[in-house]
Each structure stands twice: as C-alpha cells, then as structure tokens.
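Taken in sequence, the protein lines are chains A and B. Note that the first sequence covers residues 1 to 324 in the numbering used here. Note that the second sequence covers residues 1 to 384 in the numbering used here.
Heads up, some of the hints might be wrong.
Chain B is faced by these chain A residues, among others (derived, beta-carbon under 8 Å) [to be verified]:
(1) Arg7
(2) Ser81
(3) Glu114
(4) Ser248
Rather than coming from a laboratory, the hints here were simulated on the basis of the structure. Backbone N, C-alpha and C fix where the C-beta goes; we use that ideal spot for every residue, glycine too.
Take a look at the letters that make up each chain.
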Amino acid sequence: MIKQRIREVMWTEKYRPKTLDEIVNQEEIVERLKRFVKEKSMPHCLFAGPPGTGKTTAAIALAMDLFGEDYHKNFLELNASDERGIDVVRTIVKEFARTVSMGNVPFKILVLDEADNMTADAQQALRRTMEMYTSTCRFILACNYYTKIIEPIQSRCALFRFMPLKPEDVKARVRYICNMEEVDITEDGMEALIYIGNGDLRKIINTLQAAAALSKKVDENSVLKVAGRISPRELREALEKALNGDFSGARNKIMNLMFEYGLSGLDIIKQLHREVIILDIDEKLKLKIIEILGETEYRILEGGTDDIQLNTMIAKIALLGENR
Amino acid sequence: MNKLPWVDRFKPKTLQEIVGNYNAASELLEWVKSYLAGKADKKAALLYGPPGNGKTLSTHLVAEALDLELIEMNASDFRTEEVINEIAGGASLQTSLFGKRGKLILFDEIDGISGKEDKGGISAIINIINKSRYPVVLIANNPWDSRLKQLREISHMIKFNRIRSPSIVVRLRRIAQLVGVNAEEGALKRIAEAANGDLRAAINDFQMLAEGKKILRESDVIKLYQRSQELEIFEVMKGIFSANTILRAKMVAESSAVDIDMLMQWLNENIPNQYTNSEERAEAYDWFSKADVFLNKAKRKQIWDLISYAIELAVGGAALAKKESYKFTKYSFPKAIERLSHDKEERDRRKEELKLLGRELHASMKKVITEYLPYINIIYSKET
Chain A
1 MIKQRIREVM WTEKYRPKTL DEIVNQEEIV ERLKRFVKEK SMPHCLFAGP PGTGKTTAAI
61 ALAMDLFGED YHKNFLELNA SDERGIDVVR TIVKEFARTV SMGNVPFKIL VLDEADNMTA
121 DAQQALRRTM EMYTSTCRFI LACNYYTKII EPIQSRCALF RFMPLKPEDV KARVRYICNM
181 EEVDITEDGM EALIYIGNGD LRKIINTLQA AAALSKKVDE NSVLKVAGRI SPRELREALE
241 KALNGDFSGA RNKIMNLMFE YGLSGLDIIK QLHREVIILD IDEKLKLKII EILGETEYRI
301 LEGGTDDIQL NTMIAKIALL GENR
Chain B
1 MNKLPWVDRF KPKTLQEIVG NYNAASELLE WVKSYLAGKA DKKAALLYGP PGNGKTLSTH
61 LVAEALDLEL IEMNASDFRT EEVINEIAGG ASLQTSLFGK RGKLILFDEI DGISGKEDKG
121 GISAIINIIN KSRYPVVLIA NNPWDSRLKQ LREISHMIKF NRIRSPSIVV RLRRIAQLVG
181 VNAEEGALKR IAEAANGDLR AAINDFQMLA EGKKILRESD VIKLYQRSQE LEIFEVMKGI
241 FSANTILRAK MVAESSAVDI DMLMQWLNEN IPNQYTNSEE RAEAYDWFSK ADVFLNKAKR
301 KQIWDLISYA IELAVGGAAL AKKESYKFTK YSFPKAIERL SHDKEERDRR KEELKLLGRE
361 LHASMKKVIT EYLPYINIIY SKET
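With the hints as extra help, turn the sequences into a complete structure.
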C-alpha cells in the first residue's frame with residue numbers, strides 16, 4: 001500500500017471540506033459550530049449520527065477554522081476502537097491536555113471517534129478525565145448511537161445530531177467531484193449511487209471512485225459492479241462455502257478474518273448482512289439467512305461467545321444451502 | 001509398629017520393582033541418561049497420565065539409580081517466579097553440595113499451577129528449563145491444558161498409563177503377605193477394579209479395608225464405592241457424543257475433572273468432527289449456542305442456577321443430535337487458542353499498516369478494513 005499517496009489518491013480525503021464554509025449539508029450544525037469559532041468558546045460536544053454523515057469532517061473543519069496554522073498542535077484525534085482501554089486514553093489525553101494551547105484560543109480539542117464502542121466502565125473513567133481537563137481541553141465525542149453513551153457524559157455535552165444526507169446534497173457533491181475529476185456519470189449511475197449509499201457520503205464517494213476506476217463512464221452497471229465487490233473477498237467466499245455445505249472451509253475463512261483483521265463476531269455478522277442483501281441467490285433463501293444472522297447477532301448481544309455463535313451460524317447456513 | 005501409610009511403607013525401592021508402567025519408567029531412565037550424555041532430543045521430560053500410576057515414584061527411582069540429587073517442587077510450594085528462580089534456578093546452575101553426580105529437577109503437578117496464584121509460574125519453569133544444566137522432569141495429570149502448550153513443545157513426552165488390574169492384584173497380594181492379612185482373591189480383584197488404574201488409590205483402599213484384620217473377604221469389599229475417575233478429555237468427548245440420554249451425557253461431563261469452560265471449547269471444536277451431516281451439526285450447534293448464552297449470562301450476572309441448564313443443553317444437544325448410532329470419531333484439540341499466537345509478527349505488521357492508513361483517512365483500523373480497503377483494492381488494481 002502506498003500510504004504516502006493515499007491522502008491524495010482517495011477522493012474522500014481529497015474532497016473532505018477543510019473549513020466549515022465548505023460543508024454543504026447539516027446547515028444547523030454548521031451554523032452552531034461557526035458560532036463557537038466566532039466566540040472562541042465551546043462546550044464539550046457529542047456528535048451523533050450514522051456513518052458518512054460528516055461527524056469527523058465537522059470536527060476537523062471546526063478545529064481548522066478555530067486554530068488556523070496551529071491546528072496540528074491543538075487538535076488530536078483518537079479512536080476508541082483502536083486505542084484500547086481507558087488507561088491508554090487517559091495517558092494520551094493527559095499528555096495532550098496538560099499543556100496549554102498554542103495561539104489565541106484558550107483550549108485544545110480532542111476528538112474521540114467511535115466513542116460508543118467504549119464500555120460503560122471506560123466511559124465512567126472518561127467522564128472523570130473530561131472533568132479534570134475541562135479548563136484546557138474540549139472533547140468532541142463522535143458516535144453512531146448517542147444512547148450508547150452514558151447519561152453523565154451526555155449531560156455534559158452539547159448534542160449534535162447528524163442526519164443521513166439528502167439525495168439533492170449527495171447529487172450536488174457527486175456532480176462537483178465528477179466535474180473536478182472529469183468523470184462522466186449517467187443519470188441511472190447517479191440513482192444507483194444514491195440507492196446504494198443510503199445517505200452515507202463516504203460510501204458514496206468511495207463507490208464513485210471505484211466505479212470510475214472500473215469504467216470510463218459511471219453508470220448503473222459499474223456502480224452495481226463495485227457494490228458487488230466491496231466486501232472482503234474472504235467473507236463472500238466464506239458465505240459461498242457455507243451455502244455449499246463446506247462447514248470447515250467457511251469456518252477457516254471467518255476465523256482468518258477475525259484473527260488477521262481483529263474483527264469481532266458482530267463485525268463479521270454486519271458485513272455478512274450487507275453481503276447477503278446483494279447476493280445473487282433466491283430471495284426466500286436470503287430471508288432465511290437474514291433470520292439466522294439476526295438470531296446470531298441477538299445471541300452474541302445476549303452474551304454468547306463469538307466463536308461458538310459463529311460456528312452455529314455457519315452450521316445453520318450450511319443446512320439451508322443443502323436443503324435449497 | 002510401622003505407622004507409615006502402606007503406600008509409603010511398601011513403596012518400591014528400585015526401578016525393577018515398579019508395577020505397571022515399567023516401560024515408561026525405563027524410557028525416563030534412558031532419556032535422563034541421554035541428557036547427561038548431551039544427546040537428549042529435548043531439554044525436559046513431561047510425564048503425564050492419570051494419578052497414582054507411578055510418575056513421581058519413577059522420577060525418584062531414576063534419580064536414585066543414576067545417583068542424582070532430586071530437587072523437587074510440588075503444588076504446595078509457592079511457585080511465584082521469585083521462589084522458583086531462587087530454588088530451582090539457583091540449584092540448576094550450581095553443582096550439588098551432597099557430592100552426588102548431579103541433579104534432577106522435578107516440577108510436580110504442573111497442571112495445578114493457576115494463572116492468578118502463581119503469577120509467571122509457567123514462564124518461570126520455561127525459563128529454568130532453558131537455563132538449566134540439569135535434566136528437568138515435569139509431571140502433569142492433564143498435559144493438554146492450553147496453558148501448558150509451550151511446555152509440551154519443549155518437552156519429551158512420556159505417557160504413563162492406567163495400571164491394569166491384574167498388576168494391581170499382584171501388588172496387593174504382596175502387601176497382604178507382608179502385613180499378614182489373608183485376603184480372598186475376589187476381594188483383591190474388586191479393589192483393583194474399583195481403583196480403575198490408580199495403584200495408590202488401590203493400596204489406600206486396601207489399607208482402609210484390611211488394617212487390623214486377619215482375613216479380608218470379598219463381601220467386605222463389595223461395599224467399596226467405585227471411585228469417581230477423572231476420565232481423560234477424549235473419553236469425555238466420546239462419552240458425551242455417544243450418550244443417548246441427557247442424564248448420561250451430563251454424568252460423563254460431571255464425573256470428569258474437566259471444567260466447564262474447557263468443556264465448551266472442546267465441544268465447539270469437536271461438534272463438526274462428530275457431525276459431518278449438516279442437519280445433525282446444525283442441531284447440535286443450535287443447542288450448544290443457547291447453552292453458551294446461558295453460561296455467559298450465569299457468569300456475568302452471577303446467576304449460578306443457570307449453569308445446570310447450560311450444561312444440559314450443551315452436552316444433551318451434542319449427544320442427542322445424532323440421527324443414527326454413535327460413530328467412532330477422531331477428536332481434536334481446540335484450535336481457537338492456538339491460532340491466537342500463530343503468525344503474530346505478520347499480524348502486528350498488518351496492524352501497523354492499518355494504523356498508518358487510519359491516520360491518513362481519519363478512521364479506526366476497523367473502519368479502514370470495512371469502509372476503505374475494498375474500494376482501495378479496486379482503485380489500485382486499476383492503477384497498477
């Protein structure tokens with residue numbers, strides 16, 4: 001992977017708004033954030049909303065508008081799902097927050113992404129950390145579901161609810177990018193993008209770029225082709241093996257994915273779920289697979305062990321495949 | 001009058017007197033000899049098998065035979081790293097004070113080392129094995145515990161079998177002569193069979209029944225309770241999968257020393273081995289996965305009453321999923337745990353790469369994998 005270039009190559013980065021003014025949707029949110037910039041004052045914030053609706057982008061743009069050149073010294077992004085354990089967060093936060101900010105803004109900003117992946121205990125500890133460094137540091141917690149954030153933190157934060165992007169906003173953005181990149185997009189290509197993207201701009205732009213890489217003209221055909229290829233190859237193969245009754249083959253593929261990429265059982269199920277919907281099989285069969293996936297997810301949420309529950313899922317799918 | 005328990009009083013004094021596992025004892029002797037000659041395949045020997053079949057005794061007698069000083073540690077010692085390093089680590093590096101030819105280091109009951117109490121115990125043993133100038137003997141009843149994996153890999157494994165009951169009877173008759181008890185043949189046979197391969201248990205039972213008596217009759221023995229035996233894990237699997245009732249399967253599970261977590265791992269691994277038919281496999285797994293949910297609920301919320309449901313669903317489901325009669329199956333060790341250590345370097349390298357990408361893309365590793373990599377693959381495959 002050529003990581004030096006990834007920032008320039010990936011359109012999601014290349015066209016990520018650098019200031020609040022560039023953000024075309026989420027008007028109310030942008031307006032409130034602009035006020036923070038003007039006053040040079042802000043509370044802790046909770047950015048909640050589905051993927052690809054601009055939470056991270058808004059946080060970065062806010063920081064850039066606030067800090068200007070000193071952006072890098074005063075802004076830190078952490079990821080709750082990568083930086084395991086509250087101790088890590090606490091140490092990093094302490095390092096970052098205990099020194100005063102550079103420039104003329106009296107605080108620094110720390111973004112904690114995917115905060116709803118933290119356990120309730122870790123959140124309790126985070127709450128104390130937030131209180132301790134409130135004078136020098138503001139926290140922006142980004143999450144998909146704010147209900148998964150404990151109430152004491154919710155009550156200390158201003159809540160911003162990000163909505164899925166409206167089709168006309170998506171269209172405007174896609175047109176803009178196509179223009180800049182000199183890509184031809186057909187009307188049915190645009191419709192397909194909007195359908196598959198479901199308000200997730202990251203997914204839409206990634207799909208657009210991949211479709212443009214596949215064919216000169218982005219049309220319904222090339223968009224669907226990308227959609228059919230996006231899930232990790234191993235996962236699709238695993239599903240196919242399971243449906244062909246190859247239990248251990250499917251199991252090995254899934255175990256590999258879990259160990260090599262550190263995916264949890266829930267991650268696997270969610271990916272499979274996406275995959276099933278677009279799979280080229282009988283619709284009734286899909287329904288039965290969806291039932292199995294739902295049951296598996298339910299049992300894991302009830303406390304089941306990943307390994308055991310996934311094996312059960314594979315065994316059931318294999319049985320389905322045999323009876324079809 | 002000798003007050004020692006008969007087990008100790010009539011202990012063999014030489015290797016030749018050993019009953020039952022003579023071959024295993026000889027193998028140990030040969031291994032220690034080859035170690036001393038600098039020709040051993042491994043740095044340690046791991047003796048394993050059910051209790052009371054001569055593992056510790058053989059080690060003592062081998063040391064005796066080769067004129068080695070035995071440095072012994074067993075489960076009652078504190079096996080913190082500190083203590084181990086002080087006793088065995090020191091001993092293994094110095095020559096013997098007693099003018100013996102050398103030393104033999106013995107770690108008894110290593111499967112009794114628990115993670116919490118003996119912090120670093122296993123790694124300290126490994127450390128000693130690696131540093132030691134003297135042969136190290138390890139003893140375990142169940143060497144297949146995942147925590148012992150590393151020890152298994154660096155050890156010469158020697159299996160000690162259950163002692164066959166005719167051999168036990170021979171031994172008991174000899175003791176009967178020495179203490180002057182007139183024992184009926186049937187009595188000794190029953191004692192031997194009840195002991196199920198554990199000579200120590202047999203001698204203890206014999207003493208309990210016969211001490212102070214002139215005559216021991218078979219009828220005295222019939223009352224003797226069939227000792228609950230620790231079935232080895234493979235036998236447990238076989239017992240569960242071959243059972244035709246929930247009760248039978250549950251009895252097999254509970255009569256073993258295998259704890260519930262280990263049992264779950266083994267069933268998870270072996271349901272697909274036992275059931276290659278999709279229908280049977282799916283049914284066994286469905287019950288099993290419900291058991292898993294109950295079990296974890298029980299542990300997390302400390303509702304211990306739930307555990308018996310969990311066990312019945314797990315083993316009952318595994319037993320009753322079969323549509324035909326039980327098929328002989330080769331069972332295997334749980335893979336999941338071993339996989340974790342597999343290719344760690346490769347995984348770490350990948351992780352580092354993902355982290356870098358994540359920083360560039362303002363995303364977690366997980367997000368990079370699910371939201372970016374698939375697209376990046378398409379985009380780059382086009383470019384190159």
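Hint check results:
{"no.": "1", "hint": "Arg7", "verdict": "holds, 5 Å"}
{"no.": "2", "hint": "Ser81", "verdict": "holds, 4 Å"}
{"no.": "3", "hint": "Glu114", "verdict": "holds, 6 Å"}
{"no.": "4", "hint": "Ser248", "verdict": "holds, 6 Å"}
When held up to the earlier numbered hints, the structure conflicts with none and fits them all.
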